[in-house]
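**Student:** Protein chains in written order, with the working numbering: chain A, 1 to 151; chain B, 1 to 135.
Hints are supplied without guarantee of correctness; some may be wrong.
[As the list claims (entries may be wrong)] Quick list of in silico lysine-lysine cross-link-like pairs, DSBU-like style, CA-CA up to 30 Å:
1) Lys15(B) to Lys115(A)
2) Lys114(A) to Lys110(B)
3) Lys46(B) to Lys110(B)
4) Lys15(B) to Lys110(B)
5) Lys113(B) to Lys46(B)
6) Lys110(B) to Lys115(A)
7) Lys46(B) to Lys119(B)
8) Lys114(A) to Lys119(B)
[Unchecked claim] Which bits of chain B does chain A cover? Going by a derived footprint, with three or more residues having C-beta under 8 Å, they are:
9) 74 to 84
10) 88 to 102
11) 105 to 115
12) 120 to 126
Rather than coming from a laboratory, the hints here were simulated on the basis of the structure.
Note that CB positions come from ideal geometry on N, CA and C, so glycine has one too.
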Amino acid sequence: MVDQSAVGREFTPVTARVEPGRLRFFLDTLGETNPVYRDEATAQAAGFAAAPVPPTYLFCLEMMDATVPFEFLTALDIDLARVLHGEQRFDYHAPVVVGDTLTFHPRVTSVTDKKGGAMTLIVVETGVTNQSGVHVADVSRTIVVRNARPS
Amino acid sequence: MSAARRAVGDRIVHKEFPPITRHRLALYCGASGDHNPIHVDIDFAKAAGFPDVFAHGMLVMGYLGQALTDAVAPSRIRSFSTRFAAITQLGAQLTCEGTVIELIEQGGEKRAKVALTTKDQNGEVKLAGEAVIAL
């Protein structure tokens, strides 16, 4: 079971490029038709240098370009089948647009046992910077591990 | 859309989405990079103790984000968070809503807090969240 010793653990930074084709696949999958995401002129009229990414896309970019998928689960010896997503948060500091190259820096910030050890909540916070070193966002996920038995 | 006219109690977000299909979940795996088999492989889901595959929480949050940016320009969103209150099953027909709950000054600008929910066709809350938007 994951314990307090995991707090502070950092994982391999992920570098991901915002590619227009991959972004279009995401937009099509969600049935997203808002022209600000699809049309450069509309995006520029809205004040962006190029088409911006939708609010949850940062989460995807980190997963898409991770060299080790689900690294934090493997590193903490957590079975993927026992994980649920508990909470998710995004704080946006600067625009992210098509053509940007982002770097994600994930680290564990808290581990909390619930229900007498039946569940463990793990918070992973990820700072995101762009190709110019601008801190564009902070992403925080809480995962719920369904433990095999209380301990 | 004059953001300055937002008032507490305004329901600014409302959008309904088509039923979630297995195909949508397969597409979302590829589109999002989240290849957890629990969302597409029924054998894996059953072995993990679930009756069937179920939607990615982030697909549902993606719909909520879409509903949000239909109402609020993406450049105005300062934060967006949610709690995943319940698993979203296949066939769920989701409705996303958002209501202004507070007007605040923060970071040198006027902002509003928007309470967000995603419910299925039975009214069960799947996501309960909040966005902070610049006015």
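**Student:** Any hints this thing doesn't respect? Which numbers, in order?
**Tutor:** Hints 1, 2, 3, 5, 6, 10, 11 and 12 contradicted; others consistent.
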